[in-house]
Amino acid sequence: MTSDFRHITVLLHEAVDSLDVRVGGFYIDGTFGRGGHSRLILEKLDSSGRLLGFDKDPLAIAMGQTLAAEDGRFVVVQRSFAEMGEEALARGLDGKVAGILLDLGVSSPQLDDAERGFSFLNDGPLDMRMDPNRGISAAQFIATASDEEIARVFKEYGEERFAKRMARAVVQRREQAPFVRTGDLAAVLTEANPAWEKGKNPATRAFQGLRIHVNNELGDLERGLDAALETLEVGGKLVVISFHSLEDRIVKQFMRKHAKGEADKLPRDLPIIPEAFEPRLKLLGKPQYASDAETKANPRSRSAVMRVAEKLR
21 MTSDFRHITV
31 LLHEAVDSLD
41 VRVGGFYIDG
51 TFGRGGHSRL
61 ILEKLDSSGR
71 LLGFDKDPLA
81 IAMGQTLAAE
91 DGRFVVVQRS
101 FAEMGEEALA
111 RGLDGKVAGI
121 LLDLGVSSPQ
131 LDDAERGFSF
141 LNDGPLDMRM
151 DPNRGISAAQ
161 FIATASDEEI
171 ARVFKEYGEE
181 RFAKRMARAV
191 VQRREQAPFV
201 RTGDLAAVLT
211 EANPAWEKGK
221 NPATRAFQGL
231 RIHVNNELGD
241 LERGLDAALE
251 TLEVGGKLVV
261 ISFHSLEDRI
271 VKQFMRKHAK
281 GEADKLPRDL
291 PIIPEAFEPR
301 LKLLGKPQYA
311 SDAETKANPR
321 SRSAVMRVAE
331 KLR
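Per the working numbering, the very first residue in the sequence shown carries number 21; after that it's consecutive.
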């Protein structure tokens, strides 16, 4: 694997500005990536401020360790942000973090490096794991799962309407030879897709579904949001950048649920609403999107949606 791939941080200033960084606060970057957001947060902290970074990707961790060696205010750990609750508790930070940033999805270096197996455009090993040393690869899943399970992954996580047809094609072909390369799988998926979307590779949705499944991205997101709410201090900010509708739906529903509270579950004539039923989050502004200038400079930012909330209790 190589690290010689350029990464452009999406919504860089908008996300960090939304954290409303206090110079002496403690912050978490749940998706360090290549460190764009982290470096800008560190610029806003004084000597008493601290930043904790998380990432699954060993290349991201290597870059994070380099930054940590340069700046003693920063520490990076190779864990999913879904585990931030355990990490914060171990560090005595539970309920004491001033802001948490989650920049979801895969980074440009991961997509552009064919050896990582994320892309159908560049042939490489069929892997797709953000941490290549944990879990099963996409090749292992494709080799062992039933056509029903493969179809479920394509449909549920990739929103592929021809999921059953494409899954059957995959299972039929693997009987002749296993899938070990992204180009091989992409070719079979492309041929099995009867209605190509304009401007979109026919394998796009199926590859997205595989990647989300292999990395448990939606499960991690749900766990991570719950952990973030408990880890934040009162007044702390939660900033989340999503890149597809499945992620954004989870984030939107989570924030709305906790901004609404559960007062509607109580009797209407109850004079005082118990604290346990009051809202825990306050929504800050409307969803934000990349500017025209940013999408022109970085087309991958076109699908980005940023949502921000503040912890009330």
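It cannot be assumed that every hint is accurate.
[Unchecked claim] Keeping only pairs whose Cα atoms sit at most 20 Å apart, straight-line, the calculated PhoX-like set for lysine-lysine is:
1) Lys302 - Lys272
2) Lys116 - Lys175
3) Lys280 - Lys316
4) Lys272 - Lys316
5) Lys316 - Lys220
6) Lys277 - Lys316
7) Lys272 - Lys220
8) Lys306 - Lys280
By construction, these hints were calculated from the structure, which means they are not laboratory data.
Please read all numbers here as calculations on a predicted model, not as lab measurements.
| said: Hint compliance check: list the failing hint numbers for this structure, sorted ascending. | reply: Violated hints: 2, 3, 4, 6 and 7; rest satisfied.
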